[in-house]
Each structure stands twice: as C-alpha cells, then as structure tokens.
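Colleague: Residue-level listing of the chains:
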Amino acid sequence: MPKRFIVFFSANGTIMQSWAPTGADAAFTFSPILTPLQNHRSQLLILRGLNNEVAYTSAGSNPHDLGMGTMLTGISMKVGPSGLGRANHIIDGSAGGPSIDQAIAASIGKASRFTSLSLGVQSTSTILEPMVTRMAYRGPFDPVIPQDDPGKVFATLFGNTLASQAEVLNAQKRRGTVLDAVMADYTSLTSKLGTDDRAKLDRHMTSIRELEKQLLMTGTGTGCGGITPMAPAVSLTPVACLQDGRPATCVGDFTTIGKAQMDLMVLALACDLTRVATLQWSTAESTVVHAEIGTTLEHHKMSHDDVTNVSALTKINTWYAQQFSYLLDQLSATKGADGATLLDGSLVFWVNEMSRGTDHNRRDLAYVLAGGGGALRTGRYVTFKGDPHNKLLTTFLNMFGIPATSFGDPSYTGTLTGLT
Amino acid sequence: MPLVTGRAPLRRLTRVEYNNTVRALLNDNSNPALQFEPDTLADGFTNNADTQNVGTTLAGEYLTAAEALSVTATKDLPTLLGCNPALAEDACLRSFIQQFGQRAWRRPLTAQEVDHVASVYATGRTSFDIPTSTQMVVQAFLLSPYFLYRVELGVPAAGATVLSLTSWEMASRLSYFLLGSMPDSALFAAAQQDALRTPQQVSAQAQRLMSAPAAAAQDRFAQFFTEWLHLTNVGPLLRQETETFVKRTLFGGPGDLVTLLTAPYTYAAPEVVQLYGAPPAAADGRVTLNPKQRAGLLTQPAFLATFAKADSTDPVRRGKFIWEGLFCGSVPPPPANLVVTAPTIPPGTTTRQAFEGHRASPACAACHRVMDPIGLTLENFDALGRWRDSENGVPIDVSGKLAGTDVDGPFVGPVELAQKVAASQGVASCVVRQFFRFGFGRYDTADDAPTTDYLTAQFRTGNERVLDLAVSMTQVPAFLQLPVPQ
Numbered sequence: 001m002p003k004r005f006i007v008f009f010s011a012n013g014t015i016m017q018s019w020a021p022t023g024a025d026a027a028f029t030f031s032p033i034l035t036p037l038q039n040h041r042s043q044l045l046i047l048r049g050l051n052n053e054v055a056y057t058s059a060g061s062n063p064h065d066l067g068m069g070t071m072l073t074g075i076s077m078k079v080g081p082s083g084l085g086r087a088n089h090i091i092d093g094s095a096g097g098p099s100i101d102q103a104i105a106a107s108i109g110k111a112s113r114f115t116s117l118s119l120g121v122q123s124t125s126t127i128l129e130p131m132v133t134r135m136a137y138r139g140p141f142d143p144v145i146p147q148d149d150p151g152k153v154f155a156t157l158f159g160n161t162l163a164s165q166a167e168v169l170n171a172q173k174r175r176g177t178v179l180d181a182v183m184a185d186y187t188s189l190t191s192k193l194g195t196d197d198r199a200k201l202d203r204h205m206t207s208i209r210e211l212e213k214q215l216l217m218t219g220t221g222t223g224c225g226g227i228t229p230m231a232p233a234v235s236l237t238p239v240a241c242l243q244d245g246r247p248a249t250c251v252g253d254f255t256t257i258g259k260a261q262m263d264l265m266v267l268a269l270a271c272d273l274t275r276v277a278t279l280q281w282s283t284a285e286s287t288v289v290h291a292e293i294g295t296t297l298e299h300h301k302m303s304h305d306d307v308t309n310v311s312a313l314t315k316i317n318t319w320y321a322q323q324f325s326y327l328l329d330q331l332s333a334t335k336g337a338d339g340a341t342l343l344d345g346s347l348v349f350w351v352n353e354m355s356r357g358t359d360h361n362r363r364d365l366a367y368v369l370a371g372g373g374g375a376l377r378t379g380r381y382v383t384f385k386g387d388p389h390n391k392l393l394t395t396f397l398n399m400f401g402i403p404a405t406s407f408g409d410p411s412y413t414g415t416l417t418g419l420t
Numbered sequence: 001m002p003l004v005t006g007r008a009p010l011r012r013l014t015r016v017e018y019n020n021t022v023r024a025l026l027n028d029n030s031n032p033a034l035q036f037e038p039d040t041l042a043d044g045f046t047n048n049a050d051t052q053n054v055g056t057t058l059a060g061e062y063l064t065a066a067e068a069l070s071v072t073a074t075k076d077l078p079t080l081l082g083c084n085p086a087l088a089e090d091a092c093l094r095s096f097i098q099q100f101g102q103r104a105w106r107r108p109l110t111a112q113e114v115d116h117v118a119s120v121y122a123t124g125r126t127s128f129d130i131p132t133s134t135q136m137v138v139q140a141f142l143l144s145p146y147f148l149y150r151v152e153l154g155v156p157a158a159g160a161t162v163l164s165l166t167s168w169e170m171a172s173r174l175s176y177f178l179l180g181s182m183p184d185s186a187l188f189a190a191a192q193q194d195a196l197r198t199p200q201q202v203s204a205q206a207q208r209l210m211s212a213p214a215a216a217a218q219d220r221f222a223q224f225f226t227e228w229l230h231l232t233n234v235g236p237l238l239r240q241e242t243e244t245f246v247k248r249t250l251f252g253g254p255g256d257l258v259t260l261l262t263a264p265y266t267y268a269a270p271e272v273v274q275l276y277g278a279p280p281a282a283a284d285g286r287v288t289l290n291p292k293q294r295a296g297l298l299t300q301p302a303f304l305a306t307f308a309k310a311d312s313t314d315p316v317r318r319g320k321f322i323w324e325g326l327f328c329g330s331v332p333p334p335p336a337n338l339v340v341t342a343p344t345i346p347p348g349t350t351t352r353q354a355f356e357g358h359r360a361s362p363a364c365a366a367c368h369r370v371m372d373p374i375g376l377t378l379e380n381f382d383a384l385g386r387w388r389d390s391e392n393g394v395p396i397d398v399s400g401k402l403a404g405t406d407v408d409g410p411f412v413g414p415v416e417l418a419q420k421v422a423a424s425q426g427v428a429s430c431v432v433r434q435f436f437r438f439g440f441g442r443y444d445t446a447d448d449a450p451t452t453d454y455l456t457a458q459f460r461t462g463n464e465r466v467l468d469l470a471v472s473m474t475q476v477p478a479f480l481q482l483p484v485p486q
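Chains as they are written, first to last, in our numbering: chain A, 1 to 420; chain B, 1 to 486.
To be clear, the hints were calculated from the coordinates, so they are not data collected in a lab. There may be inaccurate statements among the hints.
Subject to a maximum C-alpha distance of 27 Å in a straight line, what follows is the list of computed DSS-like cross-link-like pairs (lysine-lysine) [claimed, not checked]: (1) A:Lys213 / A:Lys152; (2) B:Lys75 / B:Lys247; (3) A:Lys301 / A:Lys315; (4) A:Lys301 / B:Lys309; (5) A:Lys78 / A:Lys192; (6) A:Lys335 / A:Lys259; (7) A:Lys173 / B:Lys75; (8) A:Lys315 / B:Lys309; (9) A:Lys259 / A:Lys315.
Working from the sequences, and respecting the hints, build out all of it.
Modeller: See below:
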C-alpha cells in the first residue's frame, strides 16, 4: 500500500500522436514526449483512454473550468449566485465535492503535521477566472489554493523546526490560548447566521483547527532522510510584484520556481511533514509563454491550433515530462524513515485538464502514474476504452485502504481492473 | 415593482480593506495583507462575498499578520493602553479591552465579551510578561470574525421579514462602501448616538465621507474603476493615469460619467504624455489631448494595453470587453468542438483584414459580428495605446457599427465610439449594475433589477454624476435593510 499521494498538473492537453507510446503493456516503446521518463520505466504506469465524462454533463460552460473542476473531483461543478462571466467562466462557483488528494489526505494525512501540501508555479497571480486556478477542494466552495512562493512554503514547513525548543513551546502556549478564544467567537457567531454564512465560517473554523494541529505536532520534521532543510534560493516578492505590472514579470522564473517547489515537496515528504502533496504548474488554460524552450506565444493560444503549433506544443509537453522526471529522480534518490525510497512508497499522478486543447477534448485522457507502493503493476502502458476517470479515482481510494465503490458522481461506480 | 432588500452575504475584509483598517486602527503602515493569498477576482472585482473563503493558508497568514501587528502595537505600551498597567493592571487592561475592542470590532463589546478577552490576558500572564500578554489580546481581536468579517445581525424584530441595521452596523456599511476602511471618529460618534437609523442620516454621512479632501473616498472610487475595467495588471504609470483621471473628474471636476467617457484631456506622468505625443501637462497637471483621437477612459493606454497582446492589438478582446463590461451584453463561448485559430497578419495587410475571416465563417460570425466591429474601431491604437494611422503601410479602416444596443448604427473611429457609449442608456444602466456589484460585494440578480432600474433612473436624472449615484445607493432597501437569516 502506498504511504503518500502526489499530484502533478500541467495544462492545455497534449499532442496525442507524440505522447502515446507504441506497443502495449510491458512491451511498449517510449513516445517523443515521454522519452525524458525512460530512466523510470520500471516505475511507470502510462494510461490512455479514460474519459472525464462528468466534464461534459457538469454545471458550468467554459471547457477549461469544466476540465479543471472535475479532474480530481469527478463530480458536477457548482455555479454560485453570480453565474457565468467572461467566456462563460464560472464567476463564483466551485467544484462539487472534495478532490481525490483531499479525500486521501483526510484519511492518511491525520498522522502528519500538514494534512496536505499544495504548491503552485504561477498558479494564482491575478487571474480573472478563478475556477481555472485551482484543482484541489476540501469540499464545495472550499478550494485549496496553491502556494506559489517557495519562501513562504519553507517558512510554513520549517519556521517552527528551526526555532529553539523554548521559543516553540512559548509560541505553542500563546497561540493555543489565542486560537481557543478566537474559536469561541466563531462558534457563538455561527449560531446566529443563515445557512450560507454559517457554512462559510465553518470552513474558516476547519482551517483554524488545521493550524492548531500544525502548531501542536512539532515532533515531526526531523530526520528528513539525512537532508538538512535549507531555505530555497528563490522567493517571490509580492510587494514589488504588485507595483510592477504584469504577473509574468513579477512571479519569478517559471523553471527556477518550479524546481524549488519540487525540492521543497520532496523535503516535506522526506521529513514526513506531509503525505499528500500537489504541484500545479500554471493554471488550466495556462497562458505561460515558455521562453525557456524558445516558444514565443502563450501556451493556451497555441493549444487552439495544434496543426500550426504542433512543434511548439510538443516541446512544451516534453518540457513538462522533463520536470516530472526531475521530480521522480528526487523521489527515488531520497529515502524515507522506513528506509525505502520516497518513490517506492508514493503514488504519483500526472494529470491535465484535457487531452487535446484544440477541441477542448476531455476524453481519451493522457495520464502517467508512477510508484504505487507495490499496489500498481508498473513498467507498462495500458489503454482503456472510454471508462470514466471516476473509476481511476475510486481505485486510488481503495489503494490507500479507503473503502469506496465510487468517487465523485455516484452514477460512475466501480474500479479499474488491470492496474494492480 | 417594489425594491427588494436582496441577499446580504457575510463579507470578509479584502486585502485592501484589511490594510486600510489596520492603518486606521493601529496607525500601522506595514500593509501586511500584501502578503496574503490574493483575493479571488469575480469579473475583476476583489470583494465578491460569494468568492471569499478562508483556507488554511489564509488562516495562517492572518495569524502571522496579527502577531506582527501586535508586536509593533505594543512597542509603546502606555500609548496603546492609555493607562499604566504597572499601577492597576486589571483595570487598565479592562478599559483597553473595552475601548480598543469597540474600534477593532466596530461596535461595543458585551460584558461577557470583555470577560472573554480579559481571560486571554489572564492566561497569558500566568506565563508571560505584560507586553506579551497584551499582544495576545490584540491578536485575539484581530483574528476574531468580528474583525475579519463585516458581521451584520440587525436589530432583532419578532416576525419581521426584513431587519434594520444597528447604527454600528450602518457605520461600517457606509465606511467600507465609500472608504474601504473602518468608520472614522464622526461615524463612530453617530453610531454611539444611534444616529444612523434614518435614510436622511445615512445620506448626510455618505455625503460627508465624499466631501473634500476625501483621499480615502478617492482611492475607493479609483479602485472601482480599475477593477471594473480589469486594469489590475497593467503597468503602474498607466494605471495611475486612469486613477488620477477618475479622481480628478469625480472629486472637484465635472463628476459625471459622460466626461469620464469623452474627456479630451487626462492627468498623466511625463512618460505617458510622451506616449500620447501630447504637449506637457499644464500647471494643474492637466494634459490636453487631440480631440480627434482621444475621448475618455476607453482611449486611455491603461484600457487599450490591458486588452491587447504584448506585441499586437487584440480587437476581439477590446470589443468583447466593451460589449460585456460596458453594455452588460453576453457572449456565448465558442462551440466546444470549434477549432479556433487566431489569424496571423501577413505583410501588407491590416489586423482588420486578418479578422474578416471571423465573419465569413458562420460558426464564428454569431458572436464576432457583435464584438469585432466594436474592437476594430480602436485599431488606431497600437498594443500600448499609441496612435497610428496605418498598419504595415496600409491605412487603417476604423469604421464600425453597433448592433443590439440603444445607440445602434454605423460610426467611424474611437472618438465616435466613445460618444456613442457615453450617449447610451444601456451603458449607464450597466455602469450602475457594475457599481452595485462593487458596492454590495455581490452580483446583482433578477430580484435586484427593480433596484438597479430605480438607481439608473436617478442616475440619469442627475446628469450621471457618479458620487450622487453612490449616495442614491445608500437610500435603497438593499442598503438600509437586511434580510432575515435563513
């Protein structure tokens, strides 16, 4: 059984003819896009042919919203009171239920100081359409917004660990007293509010409880597979960023920030500070200009025409495979407290909100799994014939020992056979 | 149709409001909310209550900010406390809790609440010194829902279908609406006297908050315009130009929407004046622009550059925003299976020629025949908003037409577009709706249509003066009343 769950997201679909391996099962040959992963062949399970059917029946309208909001949740989205805005993006809605990472975290995250860790690379900044900026939800209207700043991630993870024991104990005492008093305010207020407002404050209280847990569980965060936690060399400066115009100029280098985030993720897992981590590169409908590989146009714009832009889009997806490979390199080079490599004990899931950007296809999805803690038969390429992706998510739950016959939309029951 | 009270979802302080509030409450200029998770944007607005959620990250950022603010605040303890705790510690702290609490929570504390906060101090004192324990008190105030949210419970009334707000709640409503901050001392004094219960009292305070010098109100109105026009990410000098233009037009200037949409002048930094190719600013800062080229907000570089690509214009986005953001029109998304290709512009042609394909293809034409003829009339402005007569050596055709509006018909070029937009009743009504969304922190729904219709009528009768619109908005049931919680 795997001990950890990791989600790696990249956007705008892929170029299927360059992504799909040839051959089948263990006798597959790497495709151009996935070639950077060949060192990890024995640890991979490459999946094609699952459909995100919910994304076609869900509330909402914009295909990127629909892809992103159902990708990890498998359930119809909720449109808020404001309805639909620009390009029919949902203005104030939400996924319809918890995402798979949060569902798994609710079970295996209890024992670690951080129930889950949500990292981003230029994932929030100031995007006008909120649904595309988030993939993880604790529940409806309760998004888990990725942290884009490696400096802040480090401070959250290790601020306490690096302080002296006396300081930690004092802070514990102070914060415990203050937060207990504050929680009493929330509790007494919620009883006077209507349903929606009460739900809003209940979610806030859940967040305070999570903070209290982080505060108390100071015993973890040591050992760390022999690595000494070091502050990342890059950190965002939101003040300068706000004064300095467009996000692209103020969010730091995409590649450098991404690498720092992956290093921090591996560190957090090595220290057993968390067992569930997500990394969201940009947003659904990513408008990043991948200058580092010589493309000059926005990813999303180009993804609308995969004939003209086939070479650039292949390069972008290959670049993401290189980043995924780097993450797997680090996970397999680092040992957890049990002596096994982190990758051995982790289930890693590379997702995309669609399979093809040009027609916004959310069927025949291109997924890569890695690791699996012995619960996956890896080293293979498996093709499905249109099973709903809910079955994969349900299979994940079962792999983590969580009994379930469906995840998300209850009409899509069952698990996938042939993975384990 | 009677005007209805409508929804009043619980509103949390936005980043801007948090910074303004701690500045007023603690005289702290550190702007801690710049470090917070960004507010979720709802069609550009940062304050839509239905998008506000506090996840663990933001909860942690609130804790960090409260700790830092409390440490700064207790550096000069006697000034903060207003008494000497070394002499009569218990009495001193209780008076501080009462007085500071009333400002932090924007209402008097009940006796139980005073005891509750005092117990934080007492617990603190079993382990810590006076300053540290006082910090814990300040933190307890700043992390409370009564500080972070604008709690409105109303005046209890048995069997009522709507509730009236307490004067304390009204003080905050007015203040956050018009200043984006906590009530000032005059509003607090009025609340203390329970003198914010009649429409006249509310209107008088609204007018006072917007009268000179009204720096905070000026910032608030500039914020409305930049959020409505999606100018959040444009370069600072360009945004500043539009902000200054809005402030000077509304405060001490003509004050009306038509001027905002048609003025052949602006207030800009020298770098921006150069971009205009205009003569330097006059002594009062005004820059006179070529009236054949420039007319108000839609011809300012901030708007033109926001709705452009880095290196070329984007007539579809310009046209689409004017259609959606100013006419409140809707554009369906492209058909899901449509293969969308942005045209490339071959040498010797103009952007307009490249976009003709949109209207040749029936699938595209359904929407683009509305958006493109608007956006293409702004083709005289390049991606940065500089004037141009030709593109790739070909003269630019800026003829266009409006369809589906109350000012339909053909026109030529940006200035005529601006004049049509300024003359449109539909635009006036749309601006009212946008201002409603900003003012109430939520979208307007069908229930609110009588209210926005009424406000539009008032707005038009009053020569579309924006500050008067703000006063009118304080006089409708949606502002003066609360729905009963459900």
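Colleague: Hints first: check each against the structure and report whether it holds.
Modeller: Comparing the hints with the structure gives:
1. A:Lys213 / A:Lys152: holds (19 Å)
2. B:Lys75 / B:Lys247: violated (37 Å)
3. A:Lys301 / A:Lys315: holds (15 Å)
4. A:Lys301 / B:Lys309: holds (11 Å)
5. A:Lys78 / A:Lys192: holds (26 Å)
6. A:Lys335 / A:Lys259: Answer holds: Lys335 (chain A) to Lys259 (chain A) is near 19 Å, not above 27 Å.
7. A:Lys173 / B:Lys75: Since the Cα atoms of Lys173 (chain A) and Lys75 (chain B) sit roughly 21 Å apart, the hinted pair holds (cutoff 27 Å).
8. A:Lys315 / B:Lys309: Judged against 27 Å, a Cα distance of about 22 Å means the pair holds.
9. A:Lys259 / A:Lys315: Holds - the C-alpha atoms of Lys315 (chain A) and Lys259 (chain A) are around 18 Å apart, at most 27 Å.
Checked against the numbered hints given earlier, the structure breaks only hint 2 and satisfies all the rest.
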